[in-house]
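Enquirer: Chain by chain, the residues:
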Amino acid sequence: MSEQTPYEPRIVAFLCKWCSSAGSDLAGVSRIQYPANATPITVACSGGVSPQYILSALRKGADGVLVSGCHIGDCHYMEGNMHARRKLYLVKELLEFAGVEPERFRMSWVSAAEGAKFAQVVRDFVEDLRPLGPQDKLNAERP
Amino acid sequence: MSSKKRTGVFVCHCGNNIAATVDVAKVARVMATEDSVVYSEDYVYMCSDPGQKAVIEAIKKNQLDSVVVTCCSPNLHEKTFRDNAQAAGLNGFTCEIANIREQCAWVHKDRNVATAKAIKISRSAVRRASRNQALEPIGIGVTRRVLVIGGGIAGIQAALDLANAGLEVVLVEKQATLGGHMIQLSETFPTLDCSQCILSPKMVEVSRHPKIKLMTYSEVKEVTGYVGNFKVNILKKPTYVDPEACKLCDDCTQVCPVMVPNQYELGLTARRAIHIPFAQAIPASYTLDIDACLGLNPVRCGKCKDVCEAGAIDYDMLPRTVTEEVGAIVVATGFDLYGQDNLGEYGHGKIEDVLDGLQFERLCSASGPTRGKVLRPSDHSEPKDVVFIQCAGSRDPAQHCAYCSKICCMYTAKHASLYKHHVPDGRAWVFYIDIRSGGKGYEEFVQRTMETDETIYLRGRVSRLYQENGKIRVLGTDTLSGQNVEIDADMVVLALAMTPSKGTAEAAKVLKIGRDKDGFLAEAHPKLKPVESVTAGIFLAGTAQGPKDIPETVAQASAAAAKVIGLLSQPRLTHAPTVAKVRAAHCTGCEMCVDACPYDAIHLENGKAVVNAVLCEGCGTCQSTCLRAAIEVKNATLLQMNEMIEAVLGY
Amino acid sequence: MIDLNALRTQAADILETGEVGAVIGWRRGSRGMAAEPVAIVAPEEAASLVWDPTCFHNLALYLVEERKKPAQRQVHGGKPIAIVAKGCDARAVTVLLQENHFGRDDVYVIGVSCEGTGVLDERKLAQVLPGVEPDGAAFDGDNFVFATSEGERRVPAREAMMDRCLECRNAHPKLNNVVFGEETPRDFDAPFAALKRFEQRPAAERWQFWQRQFERCIRCFACRSVCPMCYCDECVVDSINLVVTPETTAAEKADRVRWIERSASRADNIGYHMTRALHLAGRCVDCGECERVCPVNIPLRLLNNKMEREAREAFGYEPGASIDLPALVASFRDDDPGQFIR
Chain A
402 MSEQTPYEPR IVAFLCKWCS SAGSDLAGVS RIQYPANATP ITVACSGGVS PQYILSALRK
462 GADGVLVSGC HIGDCHYMEG NMHARRKLYL VKELLEFAGV EPERFRMSWV SAAEGAKFAQ
522 VVRDFVEDLR PLGPQDKLNA ERP
Chain B
9 MSSKKRTGVF VCHCGNNIAA TVDVAKVARV MATEDSVVYS EDYVYMCSDP GQKAVIEAIK
69 KNQLDSVVVT CCSPNLHEKT FRDNAQAAGL NGFTCEIANI REQCAWVHKD RNVATAKAIK
129 ISRSAVRRAS RNQALEPIGI GVTRRVLVIG GGIAGIQAAL DLANAGLEVV LVEKQATLGG
189 HMIQLSETFP TLDCSQCILS PKMVEVSRHP KIKLMTYSEV KEVTGYVGNF KVNILKKPTY
249 VDPEACKLCD DCTQVCPVMV PNQYELGLTA RRAIHIPFAQ AIPASYTLDI DACLGLNPVR
309 CGKCKDVCEA GAIDYDMLPR TVTEEVGAIV VATGFDLYGQ DNLGEYGHGK IEDVLDGLQF
369 ERLCSASGPT RGKVLRPSDH SEPKDVVFIQ CAGSRDPAQH CAYCSKICCM YTAKHASLYK
429 HHVPDGRAWV FYIDIRSGGK GYEEFVQRTM ETDETIYLRG RVSRLYQENG KIRVLGTDTL
489 SGQNVEIDAD MVVLALAMTP SKGTAEAAKV LKIGRDKDGF LAEAHPKLKP VESVTAGIFL
549 AGTAQGPKDI PETVAQASAA AAKVIGLLSQ PRLTHAPTVA KVRAAHCTGC EMCVDACPYD
609 AIHLENGKAV VNAVLCEGCG TCQSTCLRAA IEVKNATLLQ MNEMIEAVLG Y
Chain C
109 MIDLNALRTQ AADILETGEV GAVIGWRRGS RGMAAEPVAI VAPEEAASLV WDPTCFHNLA
169 LYLVEERKKP AQRQVHGGKP IAIVAKGCDA RAVTVLLQEN HFGRDDVYVI GVSCEGTGVL
229 DERKLAQVLP GVEPDGAAFD GDNFVFATSE GERRVPAREA MMDRCLECRN AHPKLNNVVF
289 GEETPRDFDA PFAALKRFEQ RPAAERWQFW QRQFERCIRC FACRSVCPMC YCDECVVDSI
349 NLVVTPETTA AEKADRVRWI ERSASRADNI GYHMTRALHL AGRCVDCGEC ERVCPVNIPL
409 RLLNNKMERE AREAFGYEPG ASIDLPALVA SFRDDDPGQF IR
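Protein chains in written order, with the working numbering: chain A, 402 to 544; chain B, 9 to 659; chain C, 109 to 450.
These are computed hints drawn from the structure, not numbers from a lab. Remember, predicted model here, so these are calculated numbers, not experimental data. Backbone N, C-alpha and C fix where the C-beta goes; we use that ideal spot for every residue, glycine too.
Some chain A residues near chain B, calculated using beta-carbon distances under 10 angstroms:
#1 L416
#2 S422
#3 A428
#4 S431
#5 A439
#6 V444
#7 K461
#8 A463
#9 D475
#10 H484
Could you build the full structure based on these sequences and the hints that come with them?
Expert: Here it is as structure tokens:
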């Protein structure tokens, strides 16, 4: 038997297809290396990310959730990211209020041209999550 | 439920691009264990001809009803494989791409870790695909008419190109005449041909064109609808003069008692309340400026009406709203100059002999306030020392506009050159940061201005200027010699930054199209879609989209026209079917989605939300806003999102 | 001081004239001194209406119920319904109007001002008057007056008032067709006082607190049932399909998203309460009913208060302030806070 594997944070990353997902493509094309902890789910717009997705991911055992969209003013749908900013601010505040580590939920604006920034966002997130250990507060402790 | 699906998974090696880092065979093996998957294979180049053929064959042979290709970014080959699915008899929307190259193989080194992540990405695509519906693109009829907003050179060019291609055009201009800023220019760089001489024939052509409906002194107030089918409400403001009856005798201006600054001459002269902007104005008619007029009441004044023999003046003219139906819109709302009052160091626009570039154009123009003589506004003397300051408000992220206004280097060179032609014994000084003279004949023109016209170019900024003894003292630095420079100038001309016009801001609001950080209209893609707005059917031309010179503006206007012609040449348009759909039984009619929708695509009918599928762009903002799970985007439903989240977390 | 007779006369009048089909108000209840909600349809029934410190229920709930039962509308002939509403209740009606739950003309608001007091917290009363079970309660200026077997007992209102009332800023119903009582200056706790105190505590302590609270939740859904804003036919936690129409396919029935399990477990309990708080953001008017009815005393107001304060401070949004306001989460401002985004 192998010895116990060290803790690796599991991150669900909701990426806007117009910016952050394209930005992560650019990171790929530029071969910028970053940790593999974040698994992307590409969405049409950060504005389409329901607070329920975040709670659900945490419930299903995510150690961290990232939502990444277009910079303000750059939304492909004009104002989707403005909606995301307001809605997800409430999620962030609520999690923090309940005593869940605020580092567990993160939002970033990454444009299609910011491959390096995308990699850095993931790197920072993983580093910030590592000391916290597994997320067990909202986790329903299933497989 | 999902076991009913027959999904095929095709894992691409991309040569060694993916296979070097990801154990592609393992990904294919693990995907085969998914409930919905009945076929799974890996292949060296899925996008190669044999690879594509293999996909089509496998779909047919295994009666697949959905496909996941795990390969590179969907931006590259989603269309390829959707076409393959279609070729094999499936609906294209049953095909999903899992990106395990850019988002996985290329950014990780550890084979185990990368393979594990590739499995999660692929699995979430498989789960999504297993719930995908077959969707048919939405067909839309087309109105073969075009609205052009703005009657400057961009709008004029676009309107003419469109009309000459046989499309009906409605050209709306806010001012009383066509022409925009170009008609105010004296000569144009680098050829120094007269601006009015090249533009006015085009203005006349517009006014005479049987396919163009010209609406001056009009504003677009409301736009509803969508590509191919816009409905536009245009407010036609009253000019109080019937252009058909007006004989252009000018009797009215002789009797009008009111004088106000003439905005066409940028305040360098005055005009009457009733006026014609300039002799070649199109339409050739007078306009009564109601803000300046003493009042449309014969008791208060009524002099113009009394004197008009043609009976062209009608005080009872009312604003009219005209509704036009068009299939596409070209926005050419142009620029304004950055306000001089923002520039404290250059006198806040309060020193009379500090002019902006457009004012200087008027001074040089043969039809201008000084009949083409360069004279100081303050004392009508001929200035002997003129300082031109480039980048006034441009390239100054700390205080003003961060961007380069692009045309100032060239028109400053032109101004200096024109000045020297008018005043051969005068001295012209130009303060500049860099000279940007890319363009046919541009660099040569600048060189001529420096050498033949003996203009003194000083590389540096002016720190301050102030009035002293009837002169303007200009304090600056010549960074090449490191010397401080003090010039007692008779006149200073600021090459002010170009900013989006007020009309551009209004148009963006009415049309609900985005603007960039500087307020210029945002193009759909900075490189590949430079004349399209983000909204289908709305195109951009000229300086409303960003600073540019006349040839570029004309090129963009023609490009926008070409795009419109292409669009409207189709008998029917199609719209992506991945749009929101209401679950009526769950909807309570709270209208949150209606308020949240960026496209006004949702309205209430009998207390339930209804989506206009043609307006919906599928962003999902409604889906994340609805508290009752009553609205979802097709093929990105809550159920699909939930299952993708589960897949990523190893459920 | 509210003249109860005037209120009764008003109710009788609008029933008499047919201006409304029913009046939802309070009457003497069967559980001790507490009032209970009642809907009256005949003018003579107006005499049974009461207004006293035990009128804690947010009657807007019954407007919602009314709408859900179209058959019931026959009873009052599709006429508008009147509701006796405190400041918080009137705000709830405003939110329901914002959400098109009914039209402004469908509801007749008989506002009652809590003036300088509020409604009674029975738990506090048990501490202030231990062992006493009063037969009735009444307002008297700054005091509550209780009728007991040993005569009248007078208690300063602030000692026995609901926490929510101590922090109330809307004691006078803004939305009304007619209003009884004065708009009186109030000087109790600062808004969000308890919330601010709680927020001072370190994160680990906050988590321990909520963990303890949510472990207790038995998922009886009383909070949901009593809330006028929880009017969805199908709640996010319902793992069975409640909304089924002839068009509902078998696949749809089978494929309901199970974001949260219905049964009680810590993770699902917190998931439920967080979802509820988020769904109430910008809609909760802090009537405090969820907290009052919770059988295990979970301080639910704290969660909702948190959202309410964020709405106010971060977005300048006041729930129930105006009918014309778009929902908090369906709107945005250009200067919404974004410093948390990287």
